[in-house]
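K.L.:
For the record, the sequence lines run as chains A and B. Take the first sequence: its position 266, counting from 1, is numbered 1613 in this note's numbering, and each next residue is one higher. Take the second sequence: its position 27, counting from 1, is numbered 142 in this note's numbering, and each next residue is one higher.
Please note that a few of the clues may not be correct.
[Said to hold, decoys possible] Counterexamples of contact, computed for chain B against chain A with all Cβ distances above 12 Å:
#1 Leu127
#2 Ile131
#3 Phe132
[Unchecked claim] With beta-carbon atoms standing in for the labels, derived distance ranges:
#4 B:Phe132 / A:Gly1592: 16 to 24 Å
#5 A:Glu2022 / B:Tyr148: 57 to 65 Å
#6 B:Gly146 / A:Gly1592: 23 to 31 Å
#7 A:Ala1710 / B:Gly146: 54 to 62 Å
#8 B:Phe132 / A:Ala1519: 48 to 56 Å
[Claimed, not checked] These stretches of chain A come out as covered by chain B in the derived footprint (C-beta under 8 Å, 3 or more residues):
#9 1418-1429
#10 1574-1587
#11 1638-1651
These are calculated hints, taken from the structure and not from any lab test. Even for Gly, the Cβ is constructed at its ideal location relative to N, Cα and C.
Here is how the chains run, residue by residue.
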Amino acid sequence: MTFSFIQVGLICLCYIAILFSIAYCTEKGLIAQRLVYHPVTYIFSLGIFASAWAYYGVIELAGRFGYGALAYYIGTGALFLFAPATLKPLMELAKRFQINSTADLLTFRYHSHAVGGIVTLCMLMAMAPLIALQIQAVADTIHILTRNNGTSITMPNTTFDTRKLLALMYCAMVAGFAMMFGSNREHHKGLITSMAFESLVKVFGLCAIGLFAIFEVFSGFGGLEQWLAENPDNLARLNPEGSNGSSHTLLLVFIATAVSMPHIFHMTVVENPIKNVTKTISWAFPLFLLVMALPIFPLLWAGIKLGGQFPTEYYPLAIPIVSGSNTFTIISFVAGLSAATGAIVAISLAVATMILNHWILPATPLRTHNEIYGQLIWMRRVLIAVVILSGYGFYLTLGNNFNLSALALTSFIATLQFLPGVIAVVHWSRGDRNGLLAGLFVGVTIWFIGLLLPMLLGLHELEVPLLGITFNAGVEHWSSITLWSLGLNIVVFVATSLLTKQSDDEKYSAELCAEDELSHPIRMALDIRSPEEFIERLIDRIGESTARTEVDRALEKLGLNASERRPYALRRLRDEVEANLSGLMGISMATEIMDNQVPYRVPGIDGVADINLMESRINEYRDHLTGLAAELNNLRLYHRRTLEELPMAVCSVGKDMEVLMWNSAMEHLTGISSESVTGSRLADILEPWGELLDRFANSSAPHFYKQEVELAGRTHWISLHQSTIPSSNVHESDGQVILLEDVTELQILEKELMHSERLASVGRLAAGVAHEIGNPVTGIACLAQNMKYETEDAELLDSVTQILSQTDRVSRIVHSLVNFSHSGEQKDTGLQVVGLFECAQEAVDLIRLQKEKGLVSFSNEVEPNLKAWGDNQRIIQVFVNLLSNARDACTEGGHILVEGSRRGNWARIAVSDDGPGIPEDIQERIFEPFFTTKDPGEGTGLGLAMVYSIVEEHKGLLDIISPVDKVLQKGTKFVIKLPIPLESDATTGNTKHRL
Amino acid sequence: MKRQRPLLLLLLLIYIFSPTLFGWITNPDGGWYRPYVIWLLVIVIAYFSQQRDTEEHEEPSKQ
């Protein structure tokens, strides 16, 4: 049956409509995410590798080279089989630096905009035959379907007929599809899904036609075996004489496809939506290729058996036509159409992006007052159309003079020229841009003269006289041209690289790309202090809204906030913004914009290694480390953890005063987390630490002792110690390590000790004074006593009694003073049973002595026989401190009440006043040493602390009730509970102590 | 580089044995599908080695 042009056109239209709807449904989320992000979808989308040539052309190749044709699949399959070693480094690079294309990759690695431009030019030339191939395959198959014979299709065809018109319409539809779904920079989910669908259609179609050929033409596998046995020359042709060399060259040509073909690179390396898919593709993609390769020979043999005038390459379509199956004819046509469409879309996208990024953007400034995303999308759309139409133009120029294999080989051999440069990206950091450009020039020139020129001239063979020697050019000599072009390319690349010197920038990029770089990433300096400054700087080039969006996107990705000031974080932000911009407009533009607007300065101090960057990179690559490197990493982790968990606060700073390490004890002491401080300058750290640490790090003193620091309203004393970290370079240092020691407790103890010393000396003085006063008073009392017996005068006797009473009072006061001065001396002598009433009374007497303090009345209502275990002097001290505090709190005429009673096994004593009470917020802190609300010089802040510690020593309990009077909100009551002596204790006590 | 050492060794072995191996694979006396069978075998080996690799990597994280 012959199809009409309209029918074929409708089939094409239906197919493209299905593609549109799949892409549209995916973008709108109508297709399950599980399916869209499934590794199988990604593997199938990689199937665009098998273009129309893999569907048709490879049959012709199989006819010529037998098993050699499998090189197309085995070469690429092998590359994917070893993907963890071959492709993964490139994938990681692409992810890290937002590399979008081969041109981006080479521009980044060789740090040159010229490289990008030249690579784009070469790539455009290389891709023209491949796009033309797809268009030719579609046009020819349309022609076969509509003419139902193969007589005219291999004939040169220069007239513009219906099939060329249909081909043009097809190109327009494909261009429309690519423009709609491929121009956005977000993950082209829709595009990937529809590409996967295309591969599915293609592989299904090829397998269906293969099975059709076996069962319809050969009547099953048995028939095929029988036919082969009857026609042994077909088996012999699988391994044709002298084809070994060609087969190996084919293998060489195809092994490079995944990394040098722009659209395969784009799909493999850039559009890699699933993490860790490398492992899966390493076996799944070769499996896909195996399935694609399986029907090749049965199709070839079926075609041979059926005979006819069809060219070998169109056997997949010819077989169902000759067998008279319309269904299989349409299946085969759609599968071929699918293969061509996928390839055109992917190639045009990849090449359009390259042209935009490496030609258009560097040459034309963007209008920054407008939103640039829209501008970029439109530019890309126009370029996609231009690329597809150029391919169509190329197809028209060739006028069907060459078969699909010739076109494919021309294209593949051109992209092979990028292989040395791409391999050197990861594996040879010595390779430089001069070498790359020289090698590429030699290789591409040989290819141009040897293959493209004869093709443009319409010649299959051409003799080129050069320097008196005649060289054979033309696609017939593709094998020798491949070897010569690639061989000389490599030789020139290596030789030039070795002879010329890399610039510092190029060296830096090369080291970034090298997988196991041994370099120290230098900590570059930025003259920017905040993300807002980034936006201000970028406004000139990309407009405010874009600058803000990009900076915000980078901040979000890095988990930083807009007030970030740490140099380390700002450096990371700069790199992230650059990576984002490179995703948007290519690495060459991004580098240019960032280098001009936010340049890095080489730090004034040499050799400042970016330890943080190094560490984060080692962490990223931790899983890849093996052997010695893994052991060294374990050692590093051990030392890091040791430092991290050191129970001393430690931080280290680089020579430029950037914090490199901040351990957990430091976090605990300062309350500043390591994440927020690492990478910032010492002076920028929150007060009070920033100023203190900066002053210390900049001083030459190895120690700062007891620096007063106010932390949460409390004074702390910190001692600082520092030491220089020696560098591997003698006479130089790598920075300092600073150790902080919180000596607050020690300081308090020291002060307490000094205070006790002072009190003790006052006590000794008081004892001495008391003793000195005691003697004359005793004399006075004796004389008064004598006088009492020597006179009968009532008036005199009354005076004597008064004298005796007053001297008695003086004696009691002196006695109290002497007793108090013994405070603290009985610490180690153990506890004894003390009478709490007496203690309270003595304290009251002592307090009353201070007449200058206002008039306050005391009443001692402690039960007279209430006893407790304790140290007499220290219990008195407790009362003295509490009473004196209570008196200070009371106003003139206030009343202080001391109560005491027995509660079970406790003696409960309460000292209450009617002062204003203690505010609730400071109640928890009044027992802290040195906490006082009194005026300076009035109180030491030790009174209640001492009470607390004495009660603790007595295993008692201390409580505070304030306000006592809930209505008037006044009064404070200190309640002390002390253990009381039991009968048994008393007995024991009697044997040891006297009451 | 360490990871690529076995790869280099493999390439060397393939280079040494490739003539014999290719001769055997493409021998017309064997089935025409022999290269496909070998190919499938390689894929199966790759699959199992990947599985083992994945398990080895997952185990430490489970601890």
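K.L.:
Are the hints correct? Go through all of them and say.
P.N.:
Results of checking the hints against the structure:
1. Leu127: Holds, because the least Cβ-Cβ distance between leucine 127 of chain B and chain A comes to about 14 Å, which exceeds 12 Å.
2. Ile131: Isoleucine 131 of chain B is indeed farther than 12 Å from all Cβ atoms of chain A, at 15 Å.
3. Phe132: Given a closest Cβ separation of 15 Å, the condition holds.
4. B:Phe132 / A:Gly1592: 16 to 24 Å: Since the Cβ atoms of phenylalanine 132 of chain B and glycine 1592 of chain A sit about 19 Å apart, the hinted range of 16 to 24 Å holds.
5. A:Glu2022 / B:Tyr148: 57 to 65 Å: holds, 59 Å
6. B:Gly146 / A:Gly1592: 23 to 31 Å: holds, 26 Å
7. A:Ala1710 / B:Gly146: 54 to 62 Å: Holds: the Cβ-Cβ distance is about 59 Å, inside 54 to 62 Å.
8. B:Phe132 / A:Ala1519: 48 to 56 Å: At 52 Å between Cβs, range holds.
9. 1418-1429: holds (count 4)
10. 1574-1587: holds (count 6)
11. 1638-1651: With 3 residues closer than 8 Å to chain B, the region 1638-1651 of chain A meets the three-residue bar; holds.
The structure is consistent with each of the numbered hints, conforming to all of them.
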